[in-house]
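Take the given structure of chain S and dock chain W to it, following the hints.
Number of protein chains: 2
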Amino acid sequence: MKSTLYSLLLLCPGFVFAQEIDQAVLAKIRKEGLENSKVQDIAHHLTDVSGPRLTNSPGFQRAAEWSVSELKKWGLQKAEIQEWGEFGKGWQVEKSYLAMTKPYYMPLIGIPRAWTAGTQGPVTGEVALVNIQTEEDLKKYADGKLAGKILLTRPNVDSGPTFKADATRYTAEELDKMVPAVASPTINVPEQMERLRVQRAFRARVDSTMKAQNVKLEIVGRPGREGTFFTSNGASYRGDSPIANPAFEIAPEHAGLIARLIESGIPVTLEAESATTFFDKKLTTGNVIAEIAGTDPKLKDEVVMLGGHLDSWHSATGATDNAAGCAVMLEAIRILQTAGLKPKRTIRIALWSGEEQGLHGSRNYVKNTFGDPQTMKLLPAHEKLSAYYNIDNGTGRIRGIYLQGNEGPRAIFEKWLASFSDIIDHPTITIRNTGGTDHQSFDAVGLPGFQFIQDGIEYGTRTHHTNMDTYERLVMDDLKQMATVVAAFVYNTAQLDQKIPRKELPKPRAN
Amino acid sequence: MKSTLYSLLLLCPGFVFAQEIDQAVLAKIRKEGLENSKVQDIAHHLTDVSGPRLTNSPGFQRAAEWSVSELKKWGLQKAEIQEWGEFGKGWQVEKSYLAMTKPYYMPLIGIPRAWTAGTQGPVTGEVALVNIQTEEDLKKYADGKLAGKILLTRPNVDSGPTFKADATRYTAEELDKMVPAVASPTINVPEQMERLRVQRAFRARVDSTMKAQNVKLEIVGRPGREGTFFTSNGASYRGDSPIANPAFEIAPEHAGLIARLIESGIPVTLEAESATTFFDKKLTTGNVIAEIAGTDPKLKDEVVMLGGHLDSWHSATGATDNAAGCAVMLEAIRILQTAGLKPKRTIRIALWSGEEQGLHGSRNYVKNTFGDPQTMKLLPAHEKLSAYYNIDNGTGRIRGIYLQGNEGPRAIFEKWLASFSDIIDHPTITIRNTGGTDHQSFDAVGLPGFQFIQDGIEYGTRTHHTNMDTYERLVMDDLKQMATVVAAFVYNTAQLDQKIPRKELPKPRAN
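If you read the sequences in order, they're chains S and W.
1 is the number of the first residue of the first sequence in the working numbering; add one for each residue after it.
1 is the number of the first residue of the second sequence in the working numbering; add one for each residue after it.
Isolated chain S (complex conformation) (with noise of 0.2 angstroms):
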């Protein structure tokens, strides 16, 4: 009956024993995570100390480097800032003033466009109201009226008073609403591509049209609420595009008030001045690497991964997008340390860098590691790998795991979750696939890449990309929380009989 069982359970692809959990190492781990924990002084670092982590950026630098000498300091091996190829521009602020003069003073809420360039010392103008969103309307300003003129385009957002709470945490029941499977979005790629460079081109034909009616400044409300906003995917950072005009991103309501002055009739002056720097000579950027090194002699060359993207958008310090997951990920490893474990595989951390311009470091990474995702010739070390886990949902506490489609760990994952039934509520695992972030490079080579399912707090409403993305809004005992869940999860996975279970591989891309 046993060995029918066994026979059987070796035809179900994918299924892996779920293993006993060393409940002494379980045991360090929560005391060196829950009651020691340093995630708050990392945070710190990450946020405050090094500033805005725009890819290329000294900002981006000073959180790598400091990253590098930490990792160090806790005695991980190859620890290194490792480039993955050509990104394209650094940029930075160096100065962001921007004020309504007339009909009366009032200073405005806002940053530069990233990427664009600065407005070479003090600009004064009257500001034309325009939404220019197709070649159409692009004609109706193509007669010179906007010379000399600050442009607004008012953001189509409500940013009246809400009623619902700006954080929240899943209930029961919209986890287990999380549960079933759901048919995954079919994303057609070169439609994508094509629609993104369609709209680059058309951005380039209205910034030319500007600029040669000599427009002084572009100004556009951005969604938010109430001193948030949410900026953009700014201006092109490639090595070769042209440098984008001058322009400032602005709260709503700020936007609302110019726009609506301009629609009764009230001419609106605003003055501004700002300065970017670009640091075009540095088209490489690097991921943070570092490793403790296996001592199983036959599993140490097998690896188990863990990461989260360290660069940021640049109008606020990227507390929870996300210096919450790299100061999880370097905490989890600095519980491992600390600890003294000795884990049987090799454990990686990797800090990664170009993810909000399009998961760069990490499918970059991926390509130069284990294979390429496009034509699937993979390279030795992709038979090596046995999971990534990634953390990049903001601050909000662990409540479960996403299986990317992947059925083969479910019995793994329920038996570590609930190893932690006092720190996680209504553990949840889901088959479902989540996307956005650096997991997803390592499942489109076939390899078990997984990110946490965590509480949003305020992710959606008022921290993802906004100029108000602080430390104030971490919430510590969840970093503490989630530092220990993944200590927990990458220590078990470097220690399992086997790797985590893969799917079937992608096949090639046609395209």
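Derived by calculation from the structure, the hints in this document are not laboratory data.
Any given hint might turn out to be false.
Treat identical chains as interchangeable: a pair holds within one or across any two.
[As the list claims (entries may be wrong)] Within a straight-line C-alpha distance of at most 27 angstroms, the following computed BS3-like cross-link-like pairs (lysine-lysine) qualify:
(1) Lys-507 - Lys-367
(2) Lys-342 - Lys-499
(3) Lys-164 - Lys-177
(4) Lys-38 - Lys-102
(5) Lys-28 - Lys-211
(6) Lys-164 - Lys-72
(7) Lys-384 - Lys-298
(8) Lys-31 - Lys-415
(9) Lys-367 - Lys-415
Okay, now just chain W, sitting in the frame of chain S:
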């Protein structure tokens, strides 16, 4: 039996029969207020078009002049800005720029503290973190170690994620809890005045110590959250007070950032430029007053008043505090005029100045018109006022009324509120006093002055004295409801056979 009841009621002080409501008139008021509302346009003019309305500032003047001109257009009589005495200095911001420049660049959300000097051009300096609450604290800093520095005081508040909605409405349970009488807090006026005097004197010593040490600028982190901050009461606006040192009030996250960097031993440099203008020569300011003349030969000398304060703080356009109340009161008057109603008693609107600095406009108006609350020497008009209705609790719709300790009008108000059962959910009357605004000036001389119970919406969380008290925060549907209800209350009061019952007259004050 009937006559016995009647005699009994006559013995019951302040009892007044609730007359029947004129349903045709009510229908006209509802139609004009709910279907043809102009409150949105009025609110736009008071906020966006006028700008911040600090008493005696050009913004206040714009709003007052526009209000007078509208009232005249609507056919009101005696529309004017009526001076009430000496207020002090007018003041406005002409430039406001503040940024961290080291260890990296970050523009800071802030505004000059009211009635402080500008920086006289750009200033740069290293930040010293201080906490000066007592004479002992001040002594610590009297040794010149602050010379040439920029001082930062951090806010002692939690600005972390909040799991409560910013905007709320009263539940029926909450309203029911407001009904029972509670003991009014005993306010020891001489003690309170002395405490304020001591505070001002200490603040002046801090200011002169800092000036003597050549402190360049003070930065005060204020309570708030995510780009919203609550400004303070500012420096002294008195005509004879020395001009206070340059100071900014800033968002808590930005104060927190600087403070944490300094605590980590990292030097922080700021650059700032502010310009402020004092309007020293114009030491008087006025209330906007206008009337709809009464038409009943016996009652037209009697007056019903409605009002709210027109002045605001300076960091936004004072939308909920209190353009909302003024827009509602102006709209209520417009409704009555447009509906062509001919009230028996005279109806008078008053939009007050100087409320934010101590109800100056209404207190002086009451003293000049009705009597002195100190001596209780009353003027002839005291006998002629039926009631004063005030709105100053933000944008939230009317849910009931505070009787202000005056049981007399309960039955009348119950009936009037009930006539709006479709737009007032769970109408509530409480015997309680509510404070902090201009109806108190009337109450202080024994005149019936009432403030409505309004839904809080975001008043305590986002708008009251904040930099984000903008037009976006207004709930237009609630303003319409308020204007309609107030128009009916005012008209009904003008038509009553008797004046609104009064409480016993207060005693003259010892001090």
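Verification of the supplied hints:
1. In this assembly of identical chains, the alpha carbons of Lys-507 and Lys-367 lie at most 27 angstroms apart only when taken from the same copy (15 angstroms versus 87 angstroms across copies).
2. Taking the closest pair of Cα atoms, Lys-342 and Lys-499 come within 27 angstroms of each other only inside a single copy of the chain (17 angstroms); across copies the shortest separation is 88 angstroms, beyond that limit.
3. When the C-alpha separation of Lys-164 and Lys-177 is checked against a cutoff of 27 angstroms, the pair qualifies both within a copy, at 20 angstroms, and between copies, at 24 angstroms.
4. Taking the shortest alpha-carbon separations for Lys-38 and Lys-102, only the inter-copy value of 26 angstroms comes in at or below 27 angstroms, while the best intra-copy value is 50 angstroms.
5. For the homomeric pair Lys-28 and Lys-211, neither the shortest alpha-carbon distance inside one copy (62 angstroms) nor that between copies (56 angstroms) is at most 27 angstroms.
6. When the C-alpha separation of Lys-164 and Lys-72 is checked against a cutoff of 27 angstroms, the pair qualifies neither within a copy, at 45 angstroms, nor between copies, at 42 angstroms.
7. When the C-alpha separation of Lys-384 and Lys-298 is checked against a cutoff of 27 angstroms, the pair qualifies only within one copy, where the shortest distance is 11 angstroms, while the shortest distance between copies is 99 angstroms.
8. In this assembly of identical chains, Lys-31 and Lys-415 lie within 27 angstroms of each other by CA distance solely inside one copy; the values are 20 angstroms within and 65 angstroms between copies.
9. In the homo-oligomer, the alpha carbons of Lys-367 and Lys-415 never lie at most 27 angstroms apart, since the shortest distance is 32 angstroms inside one protomer and 77 angstroms across protomers.
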